[in-house]
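So the protein sequences, as listed, match chains U and G.
With the first letter of the first sequence counted as 1, position 72 gets the number 71 in numbering that gives the first Met the number 0; the numbers rise by one all the way through.
With the first letter of the second sequence counted as 1, position 56 gets the number 55 in numbering that gives the first Met the number 0; the numbers rise by one all the way through.
Note that these hints are calculated values from the structure, not bench results.
It is possible that part of the hints are untrue.
Stated by the list, open to error - To be clear about the criterion: a stretch of chain G counts as covered by chain U if any three or more of its residues have a C-beta under 8 Å from a C-beta of chain U, and this derived list gives those stretches:
| # | region |
| --- | --- |
| 1 | 18-25 |
| 2 | 63-77 |
| 3 | 81-95 |
Stated by the list, open to error - A few chain U residues that don't get close to chain G, going by computed Cβ distances all over 12 Å:
| # | residue |
| --- | --- |
| 4 | 145 |
| 5 | 186 |
| 6 | 198 |
As the list claims (entries may be wrong) - Label-pair restraints from in silico Cβ distances:
| # | chain 1 | residue 1 | chain 2 | residue 2 | range |
| --- | --- | --- | --- | --- | --- |
| 7 | G | 35 | U | 198 | 50 to 56 Å |
| 8 | U | 96 | G | 29 | 32 to 38 Å |
| 9 | U | 155 | G | 81 | 53 to 59 Å |
| 10 | G | 42 | U | 136 | 51 to 57 Å |
| 11 | G | 52 | U | 206 | 44 to 50 Å |
| 12 | G | 100 | U | 114 | 56 to 62 Å |
| 13 | G | 87 | U | 161 | 37 to 43 Å |
| 14 | U | 145 | G | 39 | 24 to 30 Å |
| 15 | U | 186 | G | 60 | 33 to 39 Å |
| 16 | U | 136 | G | 43 | 23 to 29 Å |
| 17 | U | 98 | G | 100 | 58 to 64 Å |
| 18 | U | 114 | G | 61 | 39 to 45 Å |
As the structure is a computational prediction, the values presented were derived from the model and not from experiment.
All C-beta atoms, glycine included, are put in the ideal place defined by N, C-alpha and C.
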Amino acid sequence: MPRLTAIAAGAAVALVCATQADPARAQPANPDAPANPDAPADAPATPGAPVASAPPAAAAAAGENSTASDDEIGDQGISAQVGLAGGGRVTPGGARIAGHYLYQLAERDWFDGVAGFTFGSGSAACFRDRMDQRVCSHGLADGVGVEVSASIRRLFAPQGAFRPFARIGIGIGLAQFSDDDVAGLTVTLHGAGGLRVKVTPAIAVVAEGDLALGFGTFSRGIGLEPQIGFAVTAGAEFRLR
Amino acid sequence: MRSAVVAIVGALLACQHSDVSREVGARCNASAECDERCLAPSNDYPGGFCTVACGSRSDCPSDTTCADREGGICLFECTGDDACAFLGVGWRCIATDLHGGGIKVMVCRG
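Okay, chain G solo, but in the shape it has when bound:
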């Protein structure tokens, strides 16, 4: 009985998991769909991309870094195109300037 309840609760929690959030990563057409900012659907951001502005890497949530685009935005870090597959078709792992860092970082972009 106890194990059945634990298994059911675990399954219920697990089936609600998502890699993205209103803060960073959700699809969007307008900022109202995000906590802060929507990068509208385009070749650079296929499907739209919720993100937050940043001045440095420490301003970004885990698994993201501060890319020097759009004045500084948080994008998902990656090591290869496979790491960007969860964002959908058109997303690739591309070297981009770190905002305020003077170095290149690998982030998911269109």
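Extracted from the complex, chain U is given alone in its bound form:
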């Protein structure tokens, strides 16, 4: 597990570093913003001065950024999604409702704060094994869970009407299995990917799949247990600013 944590942490750091290292991504999202606000807009060109022309590659990059900004989420956005979550053992699964808050960090990267709720059955599935250790074998759709997570979402270049994205993050949550009277605190790493389709300038439809890996500490002598879950959700995303 430490290796996975290191991999995820490395990926997160690399993403943040890549964002900071690329000045083009740090430009304001507003395409109308002047490149140099200190320069007078009506300043005449200096006679005889060489005319700087943008290299083709830079022009192409500017064009790509312009396209990328056309259906951007905006500086801030919110999203409501519903779907299904699969768990097992002591990972809750069932119906999933999630709310997202998005805050733009760079040209293609957003902070994605998620509050997710999972509602599964409460049926009992814990028992004492022959070593007198309490273990649980819940199914895919058992338990109730609530989790908040912080992620970085990166939007990729549009593929026709679809805008793919990927998200990595870390979450902390509570899980409960009522008929077993078992509850626990969980910490999970999230890796997600999805598609975004703009419906109006301020509204988009979003669908994503999320894989969660981590650990939780549970009551009634169960102790530390792994968390392995996935979720598939879809919903609407609204631009705030």
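Knowing the structure of chain U, use the given hints to seat chain G on it.
Only chain G this time, still in chain U's reference frame:
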């Protein structure tokens, strides 16, 4: 990267494996700890034993058979005492009547 993730997921799944369940085999003191029925701790069932009632062998989960005890209950099949060691101290492989079968079967009991 991919192999590391696969290995980690496999290890996480493997470390949760158990030979017994709430249906058959778990330790218990009361029926609330089992899906159906608890055979309370005794010399016959050391540590207690979760099981289900049966009328024939086909009513029992895999690796178990319908023993003619307590009105018909599912117990683990075995070929020798070693096969019952996973149930703990005091469990042995003993010939017992098959419920409704008129023959003897080897099952784990205390």
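A quick look at each hint next to the structure:
no. : hint                      : in the structure
1   : 18-25                     : holds (count 6)
2   : 63-77                     : violated (count 0)
3   : 81-95                     : holds (count 3)
4   : 145                       : 22 Å, holds
5   : 186                       : 14 Å, holds
6   : 198                       : 35 Å, holds
7   : G/35 x U/198: 50 to 56 Å  : 52 Å, holds
8   : U/96 x G/29: 32 to 38 Å   : 36 Å, holds
9   : U/155 x G/81: 53 to 59 Å  : 58 Å, holds
10  : G/42 x U/136: 51 to 57 Å  : 29 Å, violated
11  : G/52 x U/206: 44 to 50 Å  : 47 Å, holds
12  : G/100 x U/114: 56 to 62 Å : 57 Å, holds
13  : G/87 x U/161: 37 to 43 Å  : 57 Å, violated
14  : U/145 x G/39: 24 to 30 Å  : 38 Å, violated
15  : U/186 x G/60: 33 to 39 Å  : 35 Å, holds
16  : U/136 x G/43: 23 to 29 Å  : 26 Å, holds
17  : U/98 x G/100: 58 to 64 Å  : 59 Å, holds
18  : U/114 x G/61: 39 to 45 Å  : 42 Å, holds
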